[in-house]
Amino acid sequence: MADKKTSEQSTDTDQEKPDNDEGVDIEQSQSDASEETDQVVGDDADQETSATADTDGDSDTSGEGADTTGGSEPAPDKDDAPQAEDDGPAIASSAPAVATEQVVIRKGGFFPMLVGGVAAAAIGFGVSQYMGDDWPFADDDTSAQFTALEGRLDAQNETLTSLQERLDQAPDLAGLENTQADLASQLSGLDEDVAQLTSQVTSLDERLTEVEKRPVDEAASDTAIAAYERELQALQDAMAQQRADIESMAQEARAMEQSAEETAETTMRRAAVTRIQTALDSGTGFASALADLQGTGATVPDALSRMASSGVPTLADLQDSFPEAARRALRVARGSSDTGASGVGGFLRDQLGVRSLTPKEGNDPDAVLSRAEAAVGDGRLQDALAELEALPEAGRAELSDWSEQAKQRLDAVSAAEALTQDMN
1 MADKKTSEQS
11 TDTDQEKPDN
21 DEGVDIEQSQ
31 SDASEETDQV
41 VGDDADQETS
51 ATADTDGDSD
61 TSGEGADTTG
71 GSEPAPDKDD
81 APQAEDDGPA
91 IASSAPAVAT
101 EQVVIRKGGF
111 FPMLVGGVAA
121 AAIGFGVSQY
131 MGDDWPFADD
141 DTSAQFTALE
151 GRLDAQNETL
161 TSLQERLDQA
171 PDLAGLENTQ
181 ADLASQLSGL
191 DEDVAQLTSQ
201 VTSLDERLTE
211 VEKRPVDEAA
221 SDTAIAAYER
231 ELQALQDAMA
241 QQRADIESMA
251 QEARAMEQSA
261 EETAETTMRR
271 AAVTRIQTAL
281 DSGTGFASAL
291 ADLQGTGATV
301 PDALSRMASS
311 GVPTLADLQD
321 SFPEAARRAL
331 RVARGSSDTG
341 ASGVGGFLRD
351 QLGVRSLTPK
361 EGNDPDAVLS
371 RAEAAVGDGR
381 LQDALAELEA
391 LPEAGRAELS
401 DWSEQAKQRL
411 DAVSAAEALT
421 QDMN
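If you read the sequence shown in the UniProt record's numbering, its first letter stands for residue 1, the second for the next number, and so on.
Careful, some of the hints might be misleading.
[Unchecked claim] Distance ranges between label pairs, derived from CB positions:
1) E265 with R207: 44 to 54 Å
2) P301 with G189: 42 to 52 Å
3) A255 with R396: 53 to 63 Å
4) A226 with G189: 37 to 47 Å
5) A255 with A195: 16 to 26 Å
These aren't lab readings, by the way, just hints derived from the structure by calculation.
Note that the structure is a prediction, hence the values are computed from the model and not measured.
Where a beta carbon is used, it is the ideal one built from N, C-alpha and C, also for glycine.
Generate the whole structure from the sequences, applying the supplied hints.
Have a look at this one:
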């Protein structure tokens, strides 16, 4: 009986084992399906389909193991196996689809390249017209102009320093005014002395006249008459001495007054000429200084009187305006020349206004203007005007305004220097 119970329990245990193994196999199948699904998320759509098939295969294999273990036990419930099979495709379907990018290569022909070249040429021409005649060679020209401008600024600073020193060295008019006041006071005192002496002399003269008119007593002795005559002579000598002293003092006063006037006139003239030279260097008007100069009796040159109100162009202004005027003159001169430049280089040089920035030999307009510009940069305006005479008529006409301004400055500076020489 006991054996029979033992056999029945063993049989029951064997019958329960397939259920436990079957549950373990299903859970392992679901775990495998979950791990494979995690791998499917990083793969493409084809790999997801393969992973789903593998998951189904594992589930079938687990089922077969359960059947083998269970022996004669019936197959597991259908509700458990399809659940493992449905989880795999559900997770796999959540993976994003991979987009395929298509690259289209287009091939162009000759006609678009030709159109692009024409457009680039048109843009280049437009930029050259907008940027100026010296484009695309403006970098070198601009650098040279900056260098020249720095030199001119340094020269102008030196000129201003020299003018300041000249103004500091100018005579002090305050001292001269004090001297004039002292002289006037002295002259006033001399006038009072002269008036007093004149009064005394007049009194003596009246007394002598009265004495002379007195009748001489016949009884008077010769001794008394001689005494009167001596007294009269002494009075006359004193009067003569006083008159001589008065005349000497008057002459001295007149000499001092004249010297003071001459000193004041010279000082005012020097100050006026200094103010005129300062105005010539700064380009401002100098009408008031010229009026003071005329007040001293000096003869004012016509070159200064014409420009007194407006002033003359400064050297820096002439140096700054010459390059642009030279470019215009060079363009006109090349256009009117019979021997124009040929080839692509000549065409570009004419169109872009390329010119020499350093002096060079030759009679062509470019060489002439290069030497003239070097002279202007050195402040040699007379040499620059002489060089410009070698240009063709059309080029000289283009530079006529600049040449006129340069001549005005030269004439005014020469006139001011002549006034300085006259004062010395």
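- [ ] Report the numbers of all earlier hints that the structure fails to satisfy, in ascending order.
- [x] Per hint list: zero violations.
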